[in-house]
Amino acid sequence: MTPAFAAPPLPAAPAAEKLALAGVAAGLLALLLALADADPTRGQWWLYGALALLTGGTLAWSGLHYGRRPAGVQQHNLWRRASTSRGAVAWVTSLVLTGFYVVLYWFSGNDGHGHFGVLNNLVHALDAFSRALRARPADQWFLYGTFYTLAVLLMGGRALWKYRHSRYQVIRTVSVMFFQLGFAFLLPGVLQFFQQPEFYFNYFWPLKYDYLFPGTVTSLLQSGGLGVFMVFWGAVMSLLATPVLTYFFGKRWYCSWVCGCGGLAETAGDPYRQLSDKSRAAWRWEVRLIYPILAIIVALTALLWAHFATGNTLLGEAGNVGAKWYGFAIGSVFSGVIGVGFYPILGNRVWCRFGCPMAAYLGLLQKHFSRFRISTNGGQCISCGNCSNVCEMGIDVKQYAQRGEPIIRASCVGCGLCSTACPRGVLNLENGPRTGRYQASPLIHADSLRILG
Amino acid sequence: MHLVIVGNGITGVSCALAVRRLRPDARITLVSAESAHHYSRTALMYVYMGHLRLSDIKPYEDWFWDENRLGLVHATATALNTRENRLTLDNGTTLAYDQLLLATGSQSTRYGWPGQHLAGVQSLYGLPDLAAMARDTHAITRGVVVGGGLIGAELAEMLHSRGIEAVVLVRDARYWASVLPPEEANLVDAQFEANQIQVRYRTELGEILGDAQGRVRAVRTTAGEEIPCQWVGLATGVAPNLALANTADVETDRGILVDEYLRTSVPNVYAAGDCAQHRRPAAGEVAIEQLWYTGRMQGETVAHTLCGQPTPYRRGVWFNSAKFFNLEYQTYGQAPAQPGAELSSFYWEHPAGRAALRIYFRAASPQAVVGFNALGLRLRQAVCEAWIRQRAPVATVLAQLGAANFDPEFFPQHEQAIVAAFNRQFPEQRVVLRQRKGLLARLTS
Ligand SMILES: Cc1cc2nc3c(=O)[nH]c(=O)nc-3n(C[C@H](O)[C@H](O)[C@H](O)COP(=O)(O)OP(=O)(O)OC[C@H]3O[C@@H](n4cnc5c(N)ncnc54)[C@H](O)[C@@H]3O)c2cc1C
Ligand code: SF4
Ligand code: SF4
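Chains A and B, in that order, are what the protein sequence lines are.
Throughout the first sequence, residue numbering follows the UniProt record's numbering, covering 1 to 453 in sequence.
Throughout the second sequence, residue numbering follows the UniProt record's numbering, covering 1 to 445 in sequence.
For the record, the hints were derived by calculation from the structure and aren't laboratory data.
There could be a bad hint or two in this list.
[Claimed, not checked] Here are a few chain B residues that face chain A, going by a calculated C-beta distance under 7 Å:
1. Gly50
2. His51
3. Glu409
[To be verified] Straight-line distance between alpha carbons at most 25 Å, and here's what the computed SDA-like set of lysine to any residue pairs gives:
4. B:Lys437 - A:Ser175
5. A:Lys367 - A:Ala241
6. A:Lys18 - B:Ala139
7. B:Lys58 - A:His76
8. A:Lys18 - A:Gly49
9. B:Lys58 - A:Pro8
10. A:Lys208 - A:Arg288
11. A:Lys208 - A:Tyr291
12. B:Lys437 - A:Arg164
13. B:Lys437 - A:Ser441
14. B:Lys437 - A:Ile408
15. B:Lys437 - A:Phe369
16. B:Lys58 - A:Ile408
17. B:Lys58 - A:Ala281
18. B:Lys58 - A:Arg80
19. B:Lys437 - A:Tyr438
20. A:Lys208 - A:Leu181
21. A:Lys324 - A:Tyr101
22. B:Lys58 - A:Gln75
23. B:Lys437 - A:Thr435
24. A:Lys324 - A:Pro214
25. A:Lys208 - A:Phe248
26. A:Lys18 - B:Gln196
27. A:Lys367 - A:Gln439
28. B:Lys437 - A:Ala440
29. A:Lys18 - B:Ile164
30. B:Lys437 - A:Gln439
31. A:Lys18 - B:Asn195
Idealized CB from N, CA, C, for every residue including glycine.
In isolation and in its complexed conformation, chain A is listed as follows (with noise of 0.2 Å):
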C-alpha cells in the first residue's frame, strides 16, 4: 500500500522478563550439555537441571508478561517480533525443529546393544524415570513423548495466563494439557508397566493409521482381555463415536480439546498462529492434499484387510511396503519435520491443515453432518481482520463474518479464537439444530464474492 509504514524498533522487555528468559536459555544450554555428557549420573542432572530451567523460565515469563497486564486480548507487537513474524529467530527456531525431528527418526534408533545415536545420553539421562513409570529403560520414543508433555505442559501455562479472560480458552487448554498428560503420556507408560500394550487411547485410525490395520489388530487381539478391549474402543471411536460426537459439537471436541498433535499446535504453537497463510492459493493446496491423503490411508487400510482376508496371498509384500512409506511420508515427514518443525515459518497447524486425515474425515462430517457452526452477529463486523489473523487453520474468518454469514468450514478446528480475538464481538461457535444452519443475517445483503474457485 502507499505510505511505507516504517516500524520502529521495538520496546525494551522488562528486565525481570529478561531474566526469566534467560532461565530458558540456560536450560537449553543444559540440554546440551545433557547430549554432550557421556556420563549417565552427571548426564542425568543435566537433564532434570535443564527441565527445572525451562519450566521456572517458561512459566515466570508467562506470568511476568502476560499477568502484568490486565486481562486480555494481548497481541501487541506480534507481527513486529523477529520470532512471530517470520524473522531470524523464527528460522534458527525452526532449524532447531527441524534437526530435531530428523535426528530423532533418522539417526536415533536403537543398534541392538542399548545405543540410541545421536540423542543417546539423552535418552539414557531418562532411564531412572523410565523405569520408574513403564518399567523398562527409556528409548528415543520416550524421549520425545516426555519433551512433547512438557512441551504442551509448559506452553499450556503460558497460554492460560495469556487467555485467562476467556473461559471457553482456559477450559479448553486444561483439556489438552490433561489428555497429553494422562491419555498421551502416563497412561501408555502405566501399561507397558503392568506388562500391557503400549496404547494411545486419544489417538485413533485414520490419524493412528496403523490401529485398524490387521497386524495391529491381530496383536492386540492374542494380548489378552485389555488388548481385545483396545481394538473394540479403537473400531468404536473411529466408526461410531467420531461421527456422533461431531454431529453434535463439530470437529472442535477432538481436534482443539483431545488430539495430541492439535494439543501442541493449540500450547507450543499458539505463538504461531497468526503465521498461517490466509490466501485462496493456501486453501487451493488443502484440497488438493488432504482429501487425497484420506484415499490413501483408507484405500491402504481396505487393501490390508483384503490381503489379510485372503489369506495373505492377493498383495505380497506389496502392503506392507505401502504401509512403510505413507509410515514415511505421511507419519513422519509430514506430520513430524514438516508440520511441527515449521510452526515458526508456516503457522502452527500445517499438519492439520493439509495433511492430517482424521481432520480430513472430521472436515467432511463438520461440513455435512454436524450441528456447529459460527455464527456472525448481524451487521456488526468491521472487517478489521484480527479473526482472521488468529486463524490457526488458515480460514479467511472476515470473509463471513463481513457478509453476515454463519462460518461453516470442514477444516475448522474451533479453538474459539477468532471469537475471542474479534474486538465487536461478532463471532461464536455454536451447536445448534442443523435447519437454517446457512442461513445469514437479515441485515446484510450477500454480495458477488468468489471465495473459492
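Given the structure of chain A, go ahead and fit chain B with the ligands onto it with the hints provided.
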C-alpha cells in the same frame, strides 16, 4: 453503463459489489487517492499496535478486483465537470462517466488551535496519518490526546501499546458524555485507570507549544496548565470531505446534500457514506452518518438506484459497537445519554465492574423496549432488533433475556442476577427468568 465511484472506502466498495451483482455487464471504475486497494479504516489501530500487518487489513485479496471486473484507478480526482460528465485526475488524465458516485468520506476537523501545525501534531484518519504516527511517536515518552470520543480512546490505547504515557483531555465531565450515561462512562474510565491512562475531564486544549525546531513540546489547557509532551493527537471529530464536490455545482452544506435515494442536486451524480448529508433525515436520525455499517448500507442502497431499481435509504434500528481497551461495548436502538421523561432505563452492573447492561423502555405502559447498552457482554443483534421492532414490553424482554446472550460457551451467565436486580428496582413487575442462553432456545422460542 459506466459507473465511476470516487473513493474506495467501505461505501464505494459496497456500491461497486452490489452493482456488479445486479448488473453483471456494467463497467465499474473505482478511483481512489489513498490506496491502490480497499482497506479497513477501522483496523488502522491494530497495524500500529503490531497485531496486524497492512496487508492483513485488506478485506479482499488483490485478485478479487480483476476477477470481478472492478477497475481500479489509484489517483486523486481534482475536478468534476457535471456538464460533460467528466472527472479530471491528478495523473493528467480524464475519466468520463455515465453515473458518478461520490464516496469521498471524511476528513479530520481541527479547530484552529494555535500551534496545530507543529510537527508531531496530527489526527488519525488514513494511511498517511498512520505512517506519521508511527514515525513521530517513535522513542517518545508522552503523548497528549485531545478528545473524549472513540478515536480518542483508540489513540490512547495505541500509545499505551508502545509504552508511551498517554494523557487524554476531555472537555466534558465524563468520557463520551454525548453518548454514554454516567454509569457506562465510569466503567470506561475504570479501563483507562487500569491501563494507567491519565484522563483530564473538564479540560480543553488552549494551545500547542513548539520548540525551536518547530516540534511540539507541550500543550497548554484553557485553564493554563502546561503539559509537556512530544506528540499530540487531535481526536475532535471528522467532517465530510467536500473537496471534489466543491469543484462543481453539486449542492453542499456540511456534507454533500442528498435525498432519500442518495441523489445529489445534479443528475447522474450520487453521494453516500461519510460524505453525504441527508436533506430530510427520518425522525430521530442524524443527517450525517459516519459509521462503517451505515457506509455499507448506503453504498448498497445507492447501487440499487444506480441499477434502475430506485430504493430509498432506510437505516433501520440503530446499532454500533466499540472496544475500550478490554471492555467491549454494543448498543442497539435508542440509547440516549440523558433519556427524557418519556423513557425509563434499567441498569445492571456486575459487582466487579466487568460487565453492565442497560435497557431503555417507554415509561408509559406497556413499557416497550427501545434500546440497549451492553458493556463486557455480547448481545445477539437479531434478537435485540426484533424486540425493538416488535415493541416488546420490558418484562417480556427480561424474562427471555437468555435468548439475546451471545457470549461464548462457558462464560458466566448473568441473566439471573440481571432479573433479580430488575425485580428490586421495579418491584411492581416481578419478572421470572424463563429463557436461558442457547441457540436451541432462540430457535425454538
Ligand atoms: C481510526 C478510525 C476508526 C474507526 N472505527 C470505526 C468503528 O470501529 N466502527 C465504525 O462503525 N466506524 C468506525 N470508523 C468510521 C468509519 O471508518 C467510516 O465511517 C467509514 O470508513 C467511512 O467510509 P467511506 O467509504 O464513506 O469513506 P472513506 O473510508 O473515508 O473512503 C473515502 C476514500 O475516498 C478517497 N477520496 C476522497 N476524495 C477523493 C478524490 N477527490 N479523489 C480520489 N479519492 C478520493 C479517500 O482517500 C478515501 O480513501 C473509524 C474511523 C477511523 C478514522
Ligand atoms: S475459524 Fe475460528 S474457531 Fe475455527 S479454526 Fe479458525 S480461529 Fe479457530
Ligand atoms: S468478525 Fe470481528 S475480528 Fe473478524 S473482521 Fe469482523 S470485526 Fe474484525
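task: Could you tell me which of the hints above the structure violates, numbers in ascending order?
output: none
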